[in-house]
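Q: Assemble the whole structure, with the sequences as input and the hints as a guide.
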Amino acid sequence: ENHLLNILLLLAMEPPVGRSADDLIDEKVQVLRAIRTLNKDDVVRGQFDGYLAEPGVRPNSPVETFAAVRFFVDTWRWQDVPFFIRAGKNMPVHATEVIVRLKRPPLDVFDPIKPSDANYVRFRIDPQVAISIGAQRKRAGDDMVGEQVELTALDDSKGDMPPYERLIGDAMNGNGQLFTRQDAAELAWRIVGPVLGDTTAPAI
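Residue numbers for the sequence shown follow this note's numbering, so the first one is 14 and each next one is one higher.
Take the hints with a grain of salt, since some may be wrong.
[Stated by the list, open to error] Computed spacing ranges between beta-carbons, pair by pair: (1) ILE181 with ARG32: 16 to 26 Å; (2) LYS102 with TYR133: 23 to 33 Å; (3) GLY154 with PRO29: 24 to 34 Å; (4) GLY69 with ASP36: 38 to 48 Å.
[Said to hold, decoys possible] In the DSBU-like style, the derived pairs of lysine-lysine whose C-alpha atoms are separated by at most 30 Å in a straight line are: (5) LYS116 with LYS151; (6) LYS53 with LYS102; (7) LYS53 with LYS116; (8) LYS151 with LYS102.
Hints listed in this document are in silico derivations from the structure and should not be mistaken for laboratory results. C-beta atoms are modelled at their ideal positions from N, C-alpha and C, and glycine is treated no differently.
A: In structure tokens:
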């Protein structure tokens with residue numbers, strides 16, 4: 014089960030009924046059952062300039078170094094809300110984060126804003142854990158013109174265990190919360206399977 018898909022499940026699932034590993038995975042499975050199977054129109058694949066010149070890479074290799082995937086979760090809460098996963102190598106910034114763009118109100122308080130300036134919540138997972146809120150505020154002056162600002166809270170706690178070290182410890186202690194289950198793995202393959210065999214050249 015892909016790490017980024019797992020983050021999507023944590024974001025979209027309902028609260029579990031208990032604290033056990035099965036309670037958590039049960040809710041993830043409900044989301045997996047509701048995710049539409051991907052097709053080629055849901056995926057954009059790319060390759061960074063110079064990849065084909067890298068040592069050991071075959072000429073005209075179709076292997077992607079970037080992918081953007083659109084998911085839809087057919088539940089009452091998330092109907093017709095797109096979820097995007099984007100990942101790539103050799104990117105200008107190394108970061109793992111979730112951005113939740115909030116729905117705009119029916120009436121703009123300020124002058125009309127671009128869709129890219131909508132309010133949002135950002136969850137930074139790596140390299141430094143942080144939560145940010147992006148919102149519009151009134152720009153100084155007489156006109157009702159907004160500008161976007163971001164308020165960030167950083168996690169400065171020290172000594173957290175490295176991820177794989179924690180996984181090994183959890184496995185030894187019988188804690189399955191960070192692991193998947195057979196039914197969840199099979200449902201994940203159902204979602205992504207149709208697009209995994211695409212061998213056409215990356216589009217970008």
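Q: With the threshold set at 30 Å, check whether the alpha-carbon distance from LYS53 to LYS102 stays at or below it.
A: With a Cα-Cα distance of about 21 Å, the restraint between LYS53 and LYS102 holds, given a limit of 30 Å.
Q: So if I understand the rule, the pair passes when the alpha-carbon distance is 30 Å or less; does LYS151 with LYS102 pass?
A: violated (38 Å)
Q: Quick one: are GLY69 and ASP36 within 38 to 48 Å, going by C-beta?
A: Since the Cβ atoms of GLY69 and ASP36 sit about 45 Å apart, the hinted range of 38 to 48 Å holds.
Q: So does GLY154 sit 24 to 34 Å from PRO29, Cβ to Cβ?
A: violated (48 Å)
Q: Holds or violated: LYS53 and LYS116, Cα atoms, limit 30 Å.
A: The hint holds at about 27 Å.
Q: Kindly confirm whether 23 to 33 Å is satisfied by the beta carbon distance between LYS102 and TYR133.
A: Because 26 Å falls inside the window, the suggested range holds.
Q: Between ILE181 and ARG32, is the Cβ distance one that fits in 16 to 26 Å?
A: holds (21 Å)
Q: Is the Cα-Cα distance between LYS116 and LYS151 30 Å or less?
A: Distance ~19 Å between LYS116 and LYS151 Cα, so the pair holds.
Consistency note: the structure conflicts with the earlier hints numbered 3 and 8.
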